[in-house]
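Could you put together the complete structure from these sequences and hints?
Note that the working numbering has the sequence shown beginning at 134, numbered continuously upward.
Certain hints may be false.
Calculated pairs, BS3-like style, for lysine-lysine (alpha carbon to alpha carbon, straight line, at most 25 Å) [as the list claims (entries may be wrong)]:
no. : residue 1 : residue 2
1   : 258       : 156
2   : 156       : 176
3   : 156       : 136
4   : 156       : 145
5   : 202       : 179
What follows is a list of derived Cβ distance ranges for each label pair [said to hold, decoys possible]:
no. : residue 1 : residue 2 : range
6   : 155       : 244       : 18 to 24 Å
7   : 245       : 273       : 19 to 25 Å
8   : 273       : 244       : 24 to 30 Å
9   : 233       : 256       : 35 to 41 Å
10  : 145       : 202       : 29 to 35 Å
11  : 155       : 258       : 30 to 36 Å
It is worth saying that the hints were derived from the structure and are not from the lab.
Just so you know, even glycine gets a beta-carbon here, dropped at the ideal spot from N, CA and C.
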Amino acid sequence: MAKITVNGNPVKTSGELPSKGSKAPEFRLVTSDMGSLGLSDVKGKKVILNIFASLDTSTCAASIRQFNKLAAGKDNTVVLAISKDLPFAHGRFCSTEGITNVITLSGFRDTAFGKSYGVDMTDGKLAGLYARSVVVINEEGNVIYTQLVPELSHEPDYDTALAAL
Numbered sequence: 134m135a136k137i138t139v140n141g142n143p144v145k146t147s148g149e150l151p152s153k154g155s156k157a158p159e160f161r162l163v164t165s166d167m168g169s170l171g172l173s174d175v176k177g178k179k180v181i182l183n184i185f186a187s188l189d190t191s192t193c194a195a196s197i198r199q200f201n202k203l204a205a206g207k208d209n210t211v212v213l214a215i216s217k218d219l220p221f222a223h224g225r226f227c228s229t230e231g232i233t234n235v236i237t238l239s240g241f242r243d244t245a246f247g248k249s250y251g252v253d254m255t256d257g258k259l260a261g262l263y264a265r266s267v268v269v270i271n272e273e274g275n276v277i278y279t280q281l282v283p284e285l286s287h288e289p290d291y292d293t294a295l296a297a298l
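This is the structure:
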């Protein structure tokens, strides 16, 4: 179990991020059109998992905007923005913001994702939502970079995540 803070208050997560060099756990989450997408669907691509609590917070929204901008020129790379927000909210956010280089995924139906990636916040006011984290996966499906952001209100380290590609 990892620990982060939310506005300075300690919060526990359901586990640890997958270790560097390990096989990334498979998942199947809901797309903004109510379909589904799993890690196996993007096999052979470099994958950035941008995991966050909710689109309705300024920091989470900023992370999607930033990864959308930074991912625009990356070959063979897909960014998956993952939260428990409903797919309708994801679709509305992306259309309003002009997000075209990121695929949003909702974990509202899937309790396994948060546990297998260790990102479910288990206590505090936001218990049940995901802790802000980034996982970068190579074309073979192996984890090559992880970051559990220590304070939920802080943005992830975009440069280091992209450098891992």
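Here is how each hint holds up against the structure:
1. Using a Cα cut-off of 25 Å, the hinted pair residue 258 and residue 156 is violated, with the two alpha carbons roughly 32 Å apart.
2. Simply put, residue 156 and residue 176 have alpha-carbon atoms about 12 Å apart, close enough for the 25 Å limit, and the pair holds.
3. The hinted pair formed by residue 156 and residue 136 meets the criterion: a straight-line CA distance of about 23 Å does not exceed 25 Å.
4. With a C-alpha separation of about 24 Å, the suggested pairing of residue 156 with residue 145 holds against the 25 Å cut-off.
5. Between residue 202 and residue 179 the alpha-carbon distance is near 16 Å, which keeps this suggested pair within the 25 Å criterion.
6. At about 21 Å, the CB distance of residue 155 to residue 244 agrees with the hint of 18 to 24 Å.
7. Remark: the range hint 19 to 25 Å for residue 245 to residue 273 is upheld by a beta-carbon distance near 22 Å.
8. The given range of 24 to 30 Å is respected by residue 273 and residue 244, whose C-beta atoms sit roughly 27 Å from each other.
9. One distance hint, 35 to 41 Å for the beta-carbon pair residue 233 and residue 256, holds here, with the actual separation near 37 Å.
10. Between residue 145 and residue 202 the CB atoms are about 33 Å apart, so this pair conforms to the stated range of 29 to 35 Å.
11. The given range of 30 to 36 Å is respected by residue 155 and residue 258, whose C-beta atoms sit roughly 31 Å from each other.
Checked against the numbered hints given earlier, this structure breaks only hint 1.
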